[in-house]
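Sequence order for the protein chains is A and B. Counting in the working numbering, the first sequence runs from 10 upward without gaps. Counting in the working numbering, the second sequence runs from 50 upward without gaps.
Honestly, the hints are just simulated from the structure, not real lab data. This structure is a prediction, so every number in the text was calculated from the model and none was measured. Some hints could be false.
[Stated by the list, open to error] These stretches of chain A come out as covered by chain B in the derived footprint (C-beta under 8 Å, 3 or more residues):
1. 80-88
2. 93-107
3. 111-123
Each residue gets a CB set at the ideal place from its N, CA and C atoms; glycine is no exception.
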Amino acid sequence: MKIGTHITFGTLFVIIAVSLAPTLPLTPRVSAAPSAGATPAQTRTNSVASQTNAPPKVVEPSPQKVKNRRPLTGAELYSINCNRCHSERYPTERTAAQWKTIMLHMQVRANLPVSQARLILKYLQDNSGR
Amino acid sequence: MKKRNWIPGIVGAGCAASLLFSMRAPAEVSDADFKALQDAVKKLSGKVQAMQQTNGLQEKLHEEDVQKINELQDKLSQTQKAAATAEQKTAAVAGQAQTQPVLGPPIDEATVNHNFMMLGDAEFQWTRVQGEHPSFLLADFAPIFLYRGGDNVLFEAGFDTTLANNAPNSPGVGTSFDLSFAQLDYVMNDYMTLAVGQLLLPLCTYTQRGAGWLNKIPDDPLAVDSLLPGTGAGAQLLGAIPIGSGGEFFNYAVYGVNGPSSADGTANAGALDLGGNVGVRSDGVTANLHANLSGGARAGIFLPFAPHYDFEAGVSGQSGEWDNQGTHLWSAGVLDVALHLGSSFEAKGEYILTRFGSDDAGLVKQWGYFGQVGYKLAGLNLNAPLINNVELVGRYDDVHDGLGTHTRRFTMGYVYYITSTFLFEGDYEIFRSNDSTVPHNQLTFQLSYGF
């Protein structure tokens, strides 16, 4: 059993060492997402729906395959990842700074890729309430 | 001829008479009448003069009115021009607004208050257990406090505050305030995050994603509740790596925690305490109850096919000693899967296997699983507001405790979405167990709110 424990923490140490190595390639930082992915009309609809306290209307996306097409936008990644556990919250519900805190929390909780979380955050901040 | 000579004479006599008559008429107007007539003429002439003066004044007023009208017309034309100009400018601005994206407000990093947030959920239940009195159950308030320090550091802590009656024949109520988890997260790079503290363990996915308003059924799965520790004090490395352009990714978590412990210090099977080892003993000594920690890991893959169409699978495990003497291991393995087919259909399940050694029962083998499905009636496109807000859910539970008890549970229920985060849930649970203390049937209603 001690051997097993040593192996576990040895593995942890190796992973930390590798992660801190400067040669580890990083994905390029996204300075500006190309598109929020939501039209102003959609944003307005969400905003009105939020004000009326109605549940989000289920918008069925076309089930076209994700593979072999352009990179996904933040709005698409938001729809893909967040709806797995809970209904999608309206971007207007929070401020841009609040979304930054929440996305850091959800990135850890759902163990999302940082690059995807960054695009989702950009979408939420671009359409945030205040 | 003689008769005709009379006619000129008669005519001449008439003329002479008329002249005489006409010469006598003026002589008939008296002086008084003449004066009266003269006065009347004077009065009339005075009136005429007064009317002429009045008419002059009116003409002046008329001229002034005409001037004012002209001035007003000038002002009106100027106002119309100004309005037309403003309308053109408004149209131009609207055009620009349509062509340019609406940018959000700048992020004020200096505003510390924006780095602190409270999320969480609250629940309130009513339950009727077969053979027992129905009751409103305790209210549960479970806030999560977040504090973000910059771009890469987050402290998060969740609490569970509940209220319950004291033991039978004891007055009053008791309030519990439990620390669900408290961890410090540091995003080291795009592929690795370090989390330390009282961690939500990545054994299965239900524990990490099982907040009250996320559960579509008020009660947790039996196997998750009874066979796995929900939290552990220790350190964890986790991260995710994209493996495609369509949102696919692989994620992992590796951790070391204090692990399970013995409730009474012995190595008897009944003393296994899954969440009891937090590094500080009740006698105040800062030490683990046993010598070595537990290690665990999870590896998962997420494959989206389209928004709301995805498949996720993961395998996780943990192993370490649990008794004070360190002579027995507790180990667990979990397989978790989840499937979404559109925004209306969801299915997920977990299979859990645990083993631990004991002094009195030898090697105890436990296992259990659950499968859960949900379908939102909005997928039927009935355009009925009440029906569109309903989701039907069902779950099957099965758990063997390794000590002779086998319990199964069928759960059928619904979720009514008052809003996307305010839920009214109800379910009926049917138990089948060889343990007589397990209730047979149970009806539960719950209001839950996520914030």
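Hint by hint, which ones does this structure get wrong, listed from lowest number up? Nothing - there is no hint that the structure violates, so all of them hold.
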